[in-house]
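Novice: Letter by letter, the chains look like this.
There are 2 protein chains.
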Amino acid sequence: MNIVEIIKKKRDGSVLSDREINWLVISYIKGTVTDYQFSAFLMAAFINGMNNEETSSLTNAMLYSGKVIDLSSVKGAKIDKHSTGGVGDKTSLILAPIVAAAGVNVPMISGRGLGHSGGTLDKLESIPGFRTDLTLREYKSVIKKCGAVLIGQTKDIAPADKLIYSLRDVTATVESIPFITGSIMSKKLAEGIDGLVLDVKTGSGAFMKDLKSAKALAESLINTAKLFNKKVMAFITDMNQPLGNSIGNWLEVYESIKVLQGEKVDDLLEVSLNLSGAMIYLGGKSESLDEGIDISKAMIESGNAFNKFREIVKLQGGNLTYIDNPDKYPKPKYKVEIKAKKPGYITEINNYEIGMSALELGAGRKTKEEKIDPKAGIIFNCKIGDYVKKNFKFAELFTDNKKVIEIVEARVSNAVIISNEKSRKPKLIKTILT
Amino acid sequence: MNIVEIIKKKRDGSVLSDREINWLVISYIKGTVTDYQFSAFLMAAFINGMNNEETSSLTNAMLYSGKVIDLSSVKGAKIDKHSTGGVGDKTSLILAPIVAAAGVNVPMISGRGLGHSGGTLDKLESIPGFRTDLTLREYKSVIKKCGAVLIGQTKDIAPADKLIYSLRDVTATVESIPFITGSIMSKKLAEGIDGLVLDVKTGSGAFMKDLKSAKALAESLINTAKLFNKKVMAFITDMNQPLGNSIGNWLEVYESIKVLQGEKVDDLLEVSLNLSGAMIYLGGKSESLDEGIDISKAMIESGNAFNKFREIVKLQGGNLTYIDNPDKYPKPKYKVEIKAKKPGYITEINNYEIGMSALELGAGRKTKEEKIDPKAGIIFNCKIGDYVKKNFKFAELFTDNKKVIEIVEARVSNAVIISNEKSRKPKLIKTILT
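For the record, the sequence lines run as chains A and B.
Residues are numbered in the numbering used here as their position in the first sequence, beginning at 1, plus a constant of 80.
Residues are numbered in the numbering used here as their position in the second sequence, beginning at 1, plus a constant of 80.
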């Protein structure tokens with residue numbers, strides 16, 4: 081095969097064969113196709129697109145660039161969830177124990193925070209001792225023992241993804257549905273799953289700002305999952321405001337514990353139950369999504385879900401002291417209240433700004449090397465559509481970093497629009513695709 | 081400026097500013113923009129295009145990546161010609177002395193052969209002693225003395241072009257009108273010219289196979305020339321068959337000498353006179369193109385053109401023995417005649433194949449390192465539309481390389497279609513654009 085001819089084909093809008101895409105990805109990993117040639121291909125494919133078969137070929141080539149975990153020795157269905165990321169999205173922490181408690185295995189390989197969007201690994205690591213860097217042997221052992229495991233990406237899993245993502249990041253080829261699909265699905269398929277529930281976020285705090293592109297991504301992910309014979313269901317959910325009330329790593333673990341203990345955090349609970357319900361359904365432990373939701377509720381009410389959470393934490397080396405007594409967790413040095421400057425309806429929240437503000441307080445990283453402060457974050461006390469009085473304490477900031485407080489205060493304040501006109505609450509679950 | 085933002089703009093089809101393009105090219109030369117980022121930009125611009133202003137900005141940035149020669153100390157107009165290249169195209173050797181004899185300076189920086197297409201430098205260097213690697217000081221000195229000079233690209237002239245071309249070559253971004261324009265014009269504008277006559281070839285032996293793309297390139301070149309305040313005129317000429325009858329370096333010099341001495345090689349003469357006429361006209365030595373053509377004819381008839389050619393050869397170190405006695409030139413070891421297998425009309429010539437056949441015989445290079453055999457080439461004795469009898473000797477091959485003869489014989493034979501139906505001669509000068 082000839083790299084220039086392959087680039088030319090995609091440049092001129094032709095469809096590449098499975099063999100060509102496979103050769104391209106393998107050659108790039110081997111280094112016989114150079115960075116500058118692969119980036120020319122990326123740009124051509126970004127602009128001219130790739131069809132479902134091409135996307136599936138890309139995913140396949142990326143998947144088999146590394147190890148595909150064999151979980152056939154683990155009894156029962158293995159279902160994972162993937163979210164495209166958002167602000168305050170801690171559903172993984174809630175649904176993994178629910179679903180495992182219901183008898184469906186959850187083998188979950190998660191990522192770290194990226195920009196305004198938090199990461200499951202960072203949240204879990206706010207629990208002292210919690211190890212997300214299990215070996216594949218430990219990964220299998222934990223899931224066999226308790227039905228769920230949550231770890232980070234290993235270098236054996238889809239190494240092509242890391243390589244290609246780094247190049248996309250510096251060549252303006254990130255926001256491409258085929259590439260995003262390949263990146264997500266190659267990693268998820270490597271986990272050894274039978275099915276996947278997708279949570280594609282849309283809105284001001286999501287990577288897909290509008291419903292149309294969220295749907296397109298969801299459809300591409302579904303198509304690819306099906307081409308790999310995986311059960312799949314996708315939810316498009318609102319990310320125009322934080323999910324739940326807490327943003328920041330320990331704050332989110334804390335909120336998850338409360339939900340698992342039965343506290344009703346409306347929006348967070350609704351999304352978590354839908355996703356866990358879908359996982360239980362795909363895992364064959366319910367006849368329908370609704371029944372899966374009912375089972376999920378029962379798992380919370382019975383205490384089984386919280387117990388499962390404790391079990392996971394313990395098996396992955398986490399200290400249960402703070403799980404059982406969250407109030408004992410170290411406190412941040414500074415707490416700042418932000419009050420409404422006028423009475424009115426919350427009509428709009430720039431959720432990206434809220435996410436970035438949490439990052440500035442210490443909850444995220446601006447560079448790969450930066451350390452996260454697990455205590456830092458925001459508690460956000462209002463939702464779009466709420467009426468607030470003047471001086472209503474709509475947000476609290478937590479940080480050890482005095483320098484950033486003033487800027488973040490202004491940023492959070494400006495991110496929330498209060499108006500005289502009544503406004504509607506955004507629909508939380510926009511649509512479900514299968 | 082931010083490279084990713086600039087790539088993104090072009091990726092999304094926006095127009096880049098002069099400042100952005102300039103920064104991009106400068107940063108690429110400095111190495112702060114990487115190969116893989118520049119190739120992503122190239123692919124985005126290839127697919128989404130660049131408008132006239134962007135093309136002019138690109139040309140400008142490439143031009144000022146190197147030295148711009150100042151010929152203000154040379155009296156009179158300085159007009160050059162550029163051809164997009166073809167098979168048997170030796171017009172530069174004919175028109176430079178004609179135009180210089182008519183009192184218009186011809187400062188010409190030429191290239192080498194590329195694939196099937198010959199190069200003026202290679203042709204000139206078939207004259208023993210002829211130096212194409214003059215210093216800029218020598219370049220000025222020769223043009224002051226005789227009104228014409230023909231040299232090769234120096235590393236001071238538009239170094240960005242070499243760098244960008246190498247990257248285009250391996251990233252499937254060669255055939256882009258804005259990039260081709262930038263490449264041609266940056267080098268031509270660096271010569272210190274007042275005006276430029278363009279010969280854009282079209283047909284089976286040209287880089288632009290169809291008239292539409294040839295016109296588009298001509299228009300782009302004209303627009304850019306005008307934006308740099310240069311006088312300009314473009315000819316779109318036929319390249320469906322060799323121009324003149326000789327292909328190969330010394331063979332083409334020999335044919336040029338014959339034309340300068342008054343021999344009527346119809347098509348070659350017509351193109352040469354039109355181009356020289358246009359140069360004389362742009363140089364202000366005639367009132368019209370037609371008058372420029374008449375002056376050109378007079379320069380041949382008076383012997384002034386041939387004398388000027390001798391003068392150029394002498395000033396650039398060439399040995400006049402072979403100019404004055406071409407028959408004394410060393411002979412190739414092998415001469416092979418190719419005969420018509422049946423009688424009929426020549427309806428089609430695959431001119432690319434003819435060019436490649438000449439290359440195979442030794443007239444061109446397959447790799448940069450290969451040496452050219454100045455004696456090698458083809459004499460082609462027929463034109464499209466001609467009637468030939470069976471066994472008519474329509475081509476003669478010349479080479480020192482016995483190994484290639486059989487293959488080349490078949491290749492040349494297959495490149496010429498002889499049919500019972502009458503066929504029309506292709507129009508030589510398709511159109512003139514100003």
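Think of the hints as simulated: they come from the structure by calculation, not from any bench.
It is possible that part of the hints are untrue.
It does not matter which identical chain is used: a pair holds within one copy or between any two.
[Unchecked claim] When the alpha-carbon atoms are kept at most 27 angstroms apart in a straight line, the in silico DSS-like pairs for lysine-lysine are as follows:
#1 K242 with K89
#2 K88 with K295
#3 K88 with K446
#4 K419 with K338
#5 K88 with K242
#6 K89 with K289
#7 K448 with K295
#8 K110 with K473
#9 K306 with K220
#10 K147 with K415
#11 K147 with K502
#12 K365 with K311
#13 K394 with K377
#14 K88 with K415
#15 K289 with K88
#16 K292 with K110
#17 K510 with K408
#18 K483 with K413
#19 K89 with K394
#20 K89 with K310
#21 K502 with K344
Novice: Against this structure, judge whether each hint is valid.
Specialist: Each hint tested on the structure:
no. : hint           : verdict
1   : K242 with K89  : both (25 angstroms within a copy, 25 angstroms between copies)
2   : K88 with K295  : between (30 angstroms within a copy, 23 angstroms between copies)
3   : K88 with K446  : between (37 angstroms within a copy, 22 angstroms between copies)
4   : K419 with K338 : within (25 angstroms within a copy, 94 angstroms between copies)
5   : K88 with K242  : both (25 angstroms within a copy, 21 angstroms between copies)
6   : K89 with K289  : between (31 angstroms within a copy, 19 angstroms between copies)
7   : K448 with K295 : neither (31 angstroms within a copy, 52 angstroms between copies)
8   : K110 with K473 : neither (56 angstroms within a copy, 53 angstroms between copies)
9   : K306 with K220 : within (25 angstroms within a copy, 70 angstroms between copies)
10  : K147 with K415 : neither (45 angstroms within a copy, 62 angstroms between copies)
11  : K147 with K502 : neither (53 angstroms within a copy, 67 angstroms between copies)
12  : K365 with K311 : within (14 angstroms within a copy, 80 angstroms between copies)
13  : K394 with K377 : within (23 angstroms within a copy, 98 angstroms between copies)
14  : K88 with K415  : neither (57 angstroms within a copy, 40 angstroms between copies)
15  : K289 with K88  : between (32 angstroms within a copy, 17 angstroms between copies)
16  : K292 with K110 : neither (37 angstroms within a copy, 41 angstroms between copies)
17  : K510 with K408 : neither (38 angstroms within a copy, 87 angstroms between copies)
18  : K483 with K413 : within (12 angstroms within a copy, 85 angstroms between copies)
19  : K89 with K394  : neither (53 angstroms within a copy, 50 angstroms between copies)
20  : K89 with K310  : neither (30 angstroms within a copy, 38 angstroms between copies)
21  : K502 with K344 : within (25 angstroms within a copy, 90 angstroms between copies)
The earlier numbered hints that this structure contradicts are 7, 8, 10, 11, 14, 16, 17, 19 and 20.
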